[in-house]
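S.K.: Sequence:
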Amino acid sequence: MAKQSYRVFDITLSRRTQVSPSLVRFTFTGPDVSRMATYAPDQRIKLFFTTESGSLDALFSCIAGEPDDWYAAYRALPDDLRPPMRTYTIRELRAAQGEVDVEFVLHGDKGPASRWAMHARPGERLAMTAPTADVENAGVGYEWKPPRGVKRILVVADETALPAAAGILEELAVHADRPQVEALIEVPLGGDAQALPASAKVSWLPRDTTSGCAHGERLLRAVRDIDLRAEVAHLGGKPEVVEAHDEPGDELLWEAATADDGAPFYAWIAAESKVALGIRRYLVNECGLPKRYVSSMGYWREGKVLG
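The opening residue of the sequence shown carries number 98 in the working numbering; numbering runs sequentially from there.
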């Protein structure tokens with residue numbers, strides 16, 4: 098079996114940093130973090146959490162027997178020994194120092210990940226699947242793939258995608274030939290706004306300043322206020338439509354852009370799944386943008402637990 102581009106790392110919490118009222122950055126170390134890799138600001142990883150009924154020892158023991166298929170090893174564990182798994186984004190990797198940062202949104206202690214984030218202290222052990230520098234990565238685990246020479250970029254994110262969105266804006270800020278960049282970021286509180294590169298136009302959309310505001314409502318309103326006529330005016334061909342059969346049902350929305358180099362526009366959208374779908378539908382159905390210009394990812398689903 099060919100080696101997988103992801104492997105499981107044994108990591109320990111080193112530092113906890115409060116980034117904003119709703120966001121915490123956790124810095125992890127580990128014996129093999131120096132062999133970890135990341136290829137994009139939205140590089141996805143999995144974190145495994147201990148529970149009252151089990152530790153991570155069974156996971157690492159099982160993976161030792163299946164080093165090239167961590168997921169098969171994970172699924173083979175008995176239910177009472179299988180640790181909860183959740184998806185996150187690498188905020189920053191400092192491989193030379195053996196450190197990796199992951200940011201969590203604080204939203205109570207309802208689930209294993211949020212409960213861990215509320216109470217975690219340095220010294221606690223987790224497991225993480227992440228890309229390994231030992232194996233070539235063929236574009237796996239991320240969707241930030243803007244076409245070369247793109248003229249305008251729209252980044253749309255809720256708080257769960259804020260770490261990825263911040264990384265995207267930081268990456269774009271150092272481009273020699275920067276496109277026009279606009280970012281719309283919805284967060285729980287006004288105090289969650291943070292310093293981001295001035296090269297992008299960033300609009301913070303806190304829900305606490307609007308009474309009765311539903312999650313994602315401010316994002317869709319803000320997207321509707323953007324003038325996209327210049328990007329759409331020169332497009333030929335038959336307009337596209339996001340049909341009912343394009344909707345993900347109970348699964349997460351996950352539609353990656355396929356725009357060619359030189360495309361005039363590229364959108365990266367990551368939020369609650371139905372919110373991301375609503376924004377995608379507006380951009381395609383109402384604005385007339387081709388689907389290939391729009392990456393739309395559901396980072397979570399209201400009322401549904403997903404690993």
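It is worth saying that the hints were derived from the structure and are not from the lab.
It should be emphasised that the depicted structure is a prediction, and the values quoted were computed from it without experimental measurement.
Some hints here could point you the wrong way.
[Unchecked claim] Derived lysine-lysine pairs resembling DSS-like cross-links, with alpha carbons at most 27 Å apart:
id, residue 1, residue 2
1, Lys-143, Lys-242
2, Lys-242, Lys-371
3, Lys-143, Lys-298
4, Lys-371, Lys-401
5, Lys-248, Lys-388
6, Lys-242, Lys-388
7, Lys-143, Lys-207
8, Lys-298, Lys-248
S.K.: Take the hints in turn and mark each one as holding or not.
M.R.: Do the hints match the structure? See the list:
no.	hint	result
1	Lys-143 to Lys-242	holds (21 Å)
2	Lys-242 to Lys-371	holds (22 Å)
3	Lys-143 to Lys-298	violated (31 Å)
4	Lys-371 to Lys-401	holds (12 Å)
5	Lys-248 to Lys-388	holds (17 Å)
6	Lys-242 to Lys-388	holds (15 Å)
7	Lys-143 to Lys-207	holds (19 Å)
8	Lys-298 to Lys-248	holds (14 Å)
The earlier numbered hint that this structure contradicts is number 3, and it is the only one.
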